[in-house]
Amino acid sequence: MVKEECKALLDALSKVTACYRHMVLTIGGTSDSQNLREELKKTRQKAQELAVANRNKLTAVLKDKSVSKEDKAEFERLWVIFSTCLEILEIDMRRALELGHEFPLNVPKKHLIQTGMSGGTSGVAARAMSIQNMKYEAEHNIDVVDLKDLENEINQVGEMMYEMEMKVSVPQWTVEAKQDPGAELKSTISVGASSIGMISVEENKSFCDISKILAGIIFSAVLIIAIVLAVCVVKLS
Amino acid sequence: MTVGGPRGGHPRLQMPCLSKMERMIVSMQDPDMGIKMRNQRLLITVIPHAMTGNDIVEWLIQKYGISEEESLHLGNLIVKHGYIYPLKDPRSLTLRADESPYRFQTPYFWTSTKWPATELDYAIYLAKKNIRKQGDLIEHEKDNYNLLHKRINHTWDFVVMQAREQLRAAKQRRKGDRIVIDCQEQAYWLVNRPPPGAPSVLEQGPERRNCHTSRVQLAKNMDYYKREIEYCRKAMARTRVKSSICLEGYIKFNEQYVPHDPIMSGCLPSNPWITDDTTYWAMNAPTVLTPTKLRVERWGFDFSELLTDPLGRAQLLEFLKKEFSAENLSFWEACEELRYGEQSRIAEIVDSIYQQFLAPGATRWVNIDSKTMERTLEGIKTPHRYVMDDAQMHIYMLMKKDSYPRFLKSELYRNLLAEAVIPPETKKRVFPFMRKQRHSSPSPALLLPAGDAEDKIKGPTAVPEEES
Numbered sequence: 000m001v002k003e004e005c006k007a008l009l010d011a012l013s014k015v016t017a018c019y020r021h022m023v024l025t026i027g028g029t030s031d032s033q034n035l036r037e038e039l040k041k042t043r044q045k046a047q048e049l050a051v052a053n054r055n056k057l058t059a060v061l062k063d064k065s066v067s068k069e070d071k072a073e074f075e076r077l078w079v080i081f082s083t084c085l086e087i088l089e090i091d092m093r094r095a096l097e098l099g100h101e102f103p104l105n106v107p108k109k110h111l112i113q114t115g116m117s118g119g120t121s122g123v124a125a126r127a128m129s130i131q132n133m134k135y136e137a138e139h140n141i142d143v144v145d146l147k148d149l150e151n152e153i154n155q156v157g158e159m160m161y162e163m164e165m166k167v168s169v170p171q172w173t174v175e176a177k178q179d180p181g182a183e184l185k186s187t188i189s190v191g192a193s194s195i196g197m198i199s200v201e202e203n204k205s206f207c208d209i210s211k212i213l214a215g216i217i218f219s220a221v222l223i224i225a226i227v228l229a230v231c232v233v234k235l236s
Numbered sequence: 000m001t002v003g004g005p006r007g008g009h010p011r012l013q014m015p016c017l018s019k020m021e022r023m024i025v026s027m028q029d030p031d032m033g034i035k036m037r038n039q040r041l042l043i044t045v046i047p048h049a050m051t052g053n054d055i056v057e058w059l060i061q062k063y064g065i066s067e068e069e070s071l072h073l074g075n076l077i078v079k080h081g082y083i084y085p086l087k088d089p090r091s092l093t094l095r096a097d098e099s100p101y102r103f104q105t106p107y108f109w110t111s112t113k114w115p116a117t118e119l120d121y122a123i124y125l126a127k128k129n130i131r132k133q134g135d136l137i138e139h140e141k142d143n144y145n146l147l148h149k150r151i152n153h154t155w156d157f158v159v160m161q162a163r164e165q166l167r168a169a170k171q172r173r174k175g176d177r178i179v180i181d182c183q184e185q186a187y188w189l190v191n192r193p194p195p196g197a198p199s200v201l202e203q204g205p206e207r208r209n210c211h212t213s214r215v216q217l218a219k220n221m222d223y224y225k226r227e228i229e230y231c232r233k234a235m236a237r238t239r240v241k242s243s244i245c246l247e248g249y250i251k252f253n254e255q256y257v258p259h260d261p262i263m264s265g266c267l268p269s270n271p272w273i274t275d276d277t278t279y280w281a282m283n284a285p286t287v288l289t290p291t292k293l294r295v296e297r298w299g300f301d302f303s304e305l306l307t308d309p310l311g312r313a314q315l316l317e318f319l320k321k322e323f324s325a326e327n328l329s330f331w332e333a334c335e336e337l338r339y340g341e342q343s344r345i346a347e348i349v350d351s352i353y354q355q356f357l358a359p360g361a362t363r364w365v366n367i368d369s370k371t372m373e374r375t376l377e378g379i380k381t382p383h384r385y386v387m388d389d390a391q392m393h394i395y396m397l398m399k400k401d402s403y404p405r406f407l408k409s410e411l412y413r414n415l416l417a418e419a420v421i422p423p424e425t426k427k428r429v430f431p432f433m434r435k436q437r438h439s440s441p442s443p444a445l446l447l448p449a450g451d452a453e454d455k456i457k458g459p460t461a462v463p464e465e466e467s
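Chains as they are written, first to last, in numbering that gives the first Met the number 0: chain A, 0 to 236; chain B, 0 to 467.
Chain A with its partners taken away, still in its complex shape (with noise of 0.2 Å):
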C-alpha cells in the first residue's frame, strides 16, 4: 500500500536525521575524529537518497486527483512532517560545515573542546545506514575535503526544498497531529529511566529504598519485643 511505503520511507528518513543529529553534536570534541567526518559524510548522503525518494513518493501521490479525502488529508500530514524533517536536517548540514570550518582535525595548534566524551560514534552510523559494523575508508584529511561536497549538498537541499514550496502547495495550518500530548509516554520502549536518567536521581532512589527497609525492620523488631515482653506477663501472672 502507498500509505504503509510513505510511513515506511519517512520513519526511515526520520531515524537518519536523528542520527545525524546525533553525530553533530560531538563536532568540536574530544570524540571528533576523522572516522566522524566520514560517518557524516555517509550519513547525510544517506539522508539526501532517502529525502529525494520520499519527495518523488508523496509528490506523485498529492498531484493524484483520484485520492480519496481522508488519504488526501493523511498524505499532507506525511508531506508536512517531510518538510519538517527537512529543514532540520539543513539546520544540521549547515552547522556541520561551520563546525567543521571552526574545528580542522589535523592542524596542531587547533584544540578540540574536551567535553567529556570517550566513545565513538560509529553505533550510532551504523544505526544510521542500516549495516552491522561501519567500515571506514577515506582518506586522512577528509574533514578538509569533506567541505566542499557539503556546501554543494546544502544548496542542493534549500534548492530541494524551494521547489517542494513552490510546487506542492499544502496549508501547514489545516494538519492537525494525531497525538496528544503526553502520547509518547503509551508506547513501549525499553528505555527506562534507569538507563538513560541521571546517576543523581538513582542515587537519590536507592537510599530512599535503604532508609525504607531500615524503618521497617525496626518497627517489626519493637514490635516482636513488645509482643515477647506481653507473652511473658501473662505467665508470669
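The hints are simulated quantities; they were obtained by calculation from the structure and are not laboratory data.
Just to be clear, a hint being listed does not mean it is correct.
[What the hints assert, rightly or not] Residues from chain A that face chain B, not an exhaustive set, calculated with beta carbons under 10 Å:
#, residue
1, Arg20
2, Leu77
3, Tyr135
Using N, Cα and C, we set each Cβ at its ideal position, and we do this for glycine too.
Take the given structure of chain A and dock chain B to it, following the hints.
What follows is chain B alone, placed relative to chain A:
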C-alpha cells in the same frame, strides 16, 4: 563563507561578546597552557574532563593577570552564557571558586545569536524528557509543553517521532557518553529557555537605531556608494568650533553659575528637601516683591536670563518706558504669543500685531530695517506661526545690544541690587529634641477610608517600620 544563514533572510551575526568567549574557551583547551583536567567519578562510571571552580578562577588570573574578584566575575559570565556547565548543581549557573566540578559544553550547544534555539528543538527536548521521566516534568516545562503542542500542532507527530528516534540513537553510545550528552542538553536549554524569573542572557536591550550599524550591507553597489558620498558631504558641511574654544566657554559658564547652583553651593535659607522648610521656594517664586540677591545678579549674566524671568522682564519694561522704547519689548512679547499660541487665533494675532506695531502711522511703531519690513509685509499676506520670526529676531538683537547694557548700568538696576535680600540661614536648634524630625510623608495607602484601611495596614507594613 557564504553559506551562513537561513534561506531568504539576512545572515545573522554572532554577538561580539560571544565570539570573545568562544576564543577564551578554545585557549583553555591548550594541553600545555590550558586548564588541568580531572576525572569525575560517578557510582560505576568514570567520566574524564572535569575541572573545579578553583582551577578556572586560577587559570583566568594567570592568563590575563587580573584580580581574583574580576576573575570570578569573568568566570561567572562564561558559566551564565553556557560555555561551561556545573556538574553538581546543574540548575544554578554560577561559578563557585571551590571544589565544585564543571565541564565544557560541546560546540554545537554553544550559545549563539547566529543559530537561535528553535521551538521545534525545544519541543523535541521536552518530549524526550517526558519519555525519560515518565511524565514528571517541572512546572514551567509542563506549561511550555502544552503551549508548544498548541503552537506547532501541525508538526507534533514529527516531534514525537524524532524524540523517540533521538533516544534510540543515543542508546548506541557508551553509558558515560550518554550521561554527558544529557547534561549538555540540559545546560543548553537552561540557558536558552530559562525558568520563569531567571534572567535570560540572550536578551539584547533596546538598540539605539543607527542606520549604519544595524544593517548588514552585503552588496556594495552604486546605491551604497551614493549614500556614503552624500553622508560624507553633509558631514563636511557641518559647522565646527574648535574644542579649545568650546571648552573655554564651558569653563566660563560653569564658573559663573557655580555660586547659583543649589546643589554645588548650598541654598539659603535651607534645602526644603532636607529640612521641610519651604521658605526657599517662597522667596524665589516667579512674582515676589523683593527678589533675592542671587536672582538679581543672574539678570546681569545674559539677556535671555533677564527676559525669561518674569520679574526681570517687568523691571526691563519699566526701564524701557523711561527710555521711550517700550514698544520693542511689547512687540517681542506679541511675537512670542504668535509662535506658541493657538492655531485658530493666528490670523487674528498677526493682524493685531500689524495694526499695533508695523502699519505706517501705528501707535507703537517699531523700528525695523527696510528689507526685513518688506519680507514681513509679504509674509503677512499668508499668515502662519513663524511669519514674524525675522522681525522678532531683529528687535531681540536690538534690545540685547542697545538697551540691555544700558539697563545694567542704570540706576534702576543698581537700586535693585542694593535692595535685594540675602535670606538668612535657618538656625540650627540648640536642643536636639526640639529639632524637627526628618521623615518622609506617610504612605497614601494608610490614608484610605476605613474599609480599605484594614486590608492595607496588613500590606505595606514596611513603611511604618522605616519611619520609626
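Exercise. So which of the earlier hints does this model not fit?
Worked result: Hint 3 contradicted; others consistent.
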